[in-house]
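2 protein chains.
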Amino acid sequence: MMNIGIVGLGLIGGSIGLDLRTLGYHVLGVSRREQTCQQAITLGAVNQASNELSLLSRADVIFICTPIALILPTIKQLIPIVSATSILTDVGSVKTPIVEGACQLWPNFVGGHPMAGKAESGISVAQLGLFTGRPYVLTPGENTPRESIEKVEVIVRSLNSKVYFCDPREHDRAVAWISHLPVMASAGLISACMNETNPIVLKLAQELASSGFRDTSRVGGGNPELGRMMAEYNSVAILRSLYSFRDQIDEFIQYIEQEDWQIIEQKLSDTEQSRKEFLEHEI
Amino acid sequence: MMNIGIVGLGLIGGSIGLDLRTLGYHVLGVSRREQTCQQAITLGAVNQASNELSLLSRADVIFICTPIALILPTIKQLIPIVSATSILTDVGSVKTPIVEGACQLWPNFVGGHPMAGKAESGISVAQLGLFTGRPYVLTPGENTPRESIEKVEVIVRSLNSKVYFCDPREHDRAVAWISHLPVMASAGLISACMNETNPIVLKLAQELASSGFRDTSRVGGGNPELGRMMAEYNSVAILRSLYSFRDQIDEFIQYIEQEDWQIIEQKLSDTEQSRKEFLEHEI
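Residue numbers (our numbering), protein chains in the order written: chain X, 3 to 285; chain U, 3 to 285.
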């Protein structure tokens, strides 16, 4: 059985470890923090753990599960350590800058994005089966060897995830729509409300807010560091989505100014239908 | 015990009837449809039902639970029927045009907005206790007699709702923020996604859409007639909210174009905090 390396033992890294150990892989984990290494061993997420990347010298496939900003620096540090046949893969939520940078450093690289998460983070909430039924997008580079891609695919399928292959740019545009734009739109909604200048109205709005506001504002009230990373690493795609979204808001403004209620009803009828096409695959 | 009239036996009218009957009021219901009248009696939402408003000639307080567009026409039809001491109240989700129009027709009017709902509508989903713990906003007119306001307040409190009093314009601005703007923002998000011109990206976005998209798009994929009514009857407040929201989207665009990631993180930190102020009263 292959040796699997995991760098970064948080929710995602830890959960990958739990599943792969259960499947019989030998899992080597690296975390900067000694305490996390101990916890990963205790929870059964890894066979061995260390705060030194040198532990991974004999890993066949290495999952880089660090924050986005550390993925390329980690690859640079791994290069002098790993063997020429080692395959590197990551779990970052943005793919174009990662795949471009990583493939130049190490052609045996397969970009990856498992789309599973939780409100909480960290090894302590890692769980067996986190990826079951969830999308796992693979974005190999143009010159990534086919057999490396296949090896990563086999491992990722063994997590019971739904595997998709695509170009990194296609991935980034798709997640800009369904993940990054919603964060900005949702945060914009909260900010706009807070700008209400009449304190009586603001207080009343806060008292009356209920499920509609709660759901629409949820992702805009989430992790600020994560939102910043989306904007920073997926800026081209997210700008493209934001421009298009602003056009839609302008359209609504125009229809209301023109008192064209019929077209508003038609538009909402279209969105009612379209939403189903986005969510029909969900349970 | 007072006679209570209810015009419009849907989810809201039916649920008010169920609660008030349980409390011992004599409840008279009017629906255009004979079948709904029968169902209301069978379910115990009313003591008597009719498709003629004349049934309400001896009602002390009448809840008008029709769609917004029919509230003022219903009041006009009630005037020749009811006694001079009858109190009229409504349950419309927009208050300024209703209260202005109604008070001119019938000074003994108290605007109302119970903020409870369900995904389904109609008498068949009416339920006892629907308003328990939910806000119920009362917006009397400037000349509504104090004892009429107090009578409606007593009834509404007996539904175990949280009663708020405010000016109709304050109500409409508040719900524009937390209910109507979210519908437009959420619908705009769905429309923008559907405008993706690359079919591979669109299909991928649909396949990858999950909880973040589901929550943010929920109210924009809801009842189109209801969304149209919000825009039509609350156009001034909703335009005001939409302008402010568009400014927020423009700000995000500007920050990303300027590559000012720090300010984006700060903004998302603020919205994370602000969202709690909107939802802390929720369970």
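Hints listed in this document are in silico derivations from the structure and should not be mistaken for laboratory results. None of the values given here were measured: they were computed from a predicted structure. Hints may contain errors.
Stretches of chain X that chain U covers, calculated by requiring three or more beta carbons in the stretch to come under 8 Å of a beta carbon on chain U [to be verified]:
(1) 5-19
(2) 90-101
(3) 140-154
(4) 218-229
(5) 272-280
The beta-carbon is built from N, C-alpha and C at its ideal position, and this holds for glycine as well.
query: Are there three or more residues in the segment 140-154 of chain X whose C-beta lies closer than 8 Å to some C-beta of chain U?
result: Coverage by chain U is violated here, the residue count being 0 at a Cβ distance below 8 Å.
query: If you look at each residue in the segment 90-101 of chain X, do at least three have a Cβ nearer than 8 Å to any Cβ of chain U?
result: Violated, because only 0 residues of the segment 90-101 of chain X bring their Cβ atoms closer than 8 Å to Cβ atoms of chain U.
query: For the segment 272-280 of chain X, do at least 3 residues have a Cβ located nearer than 8 Å to some Cβ of chain U?
result: Contact hint for the segment 272-280 of chain X vs chain U: holds, 8 residues under 8 Å.
- prompt: Okay, the segment 5-19 of chain X and chain U, do three or more residues pass the C-beta test at under 8 Å?
  reply: violated (count 0)
- prompt: Under a C-beta cut-off of less than 8 Å, do 3 or more residues of the segment 218-229 of chain X approach chain U closely enough to confirm the stated coverage?
  reply: Answer holds; 11 residues pass the 8 Å Cβ test.
The structure is inconsistent with the numbered hints 1, 2, 3, although it conforms to all the rest.
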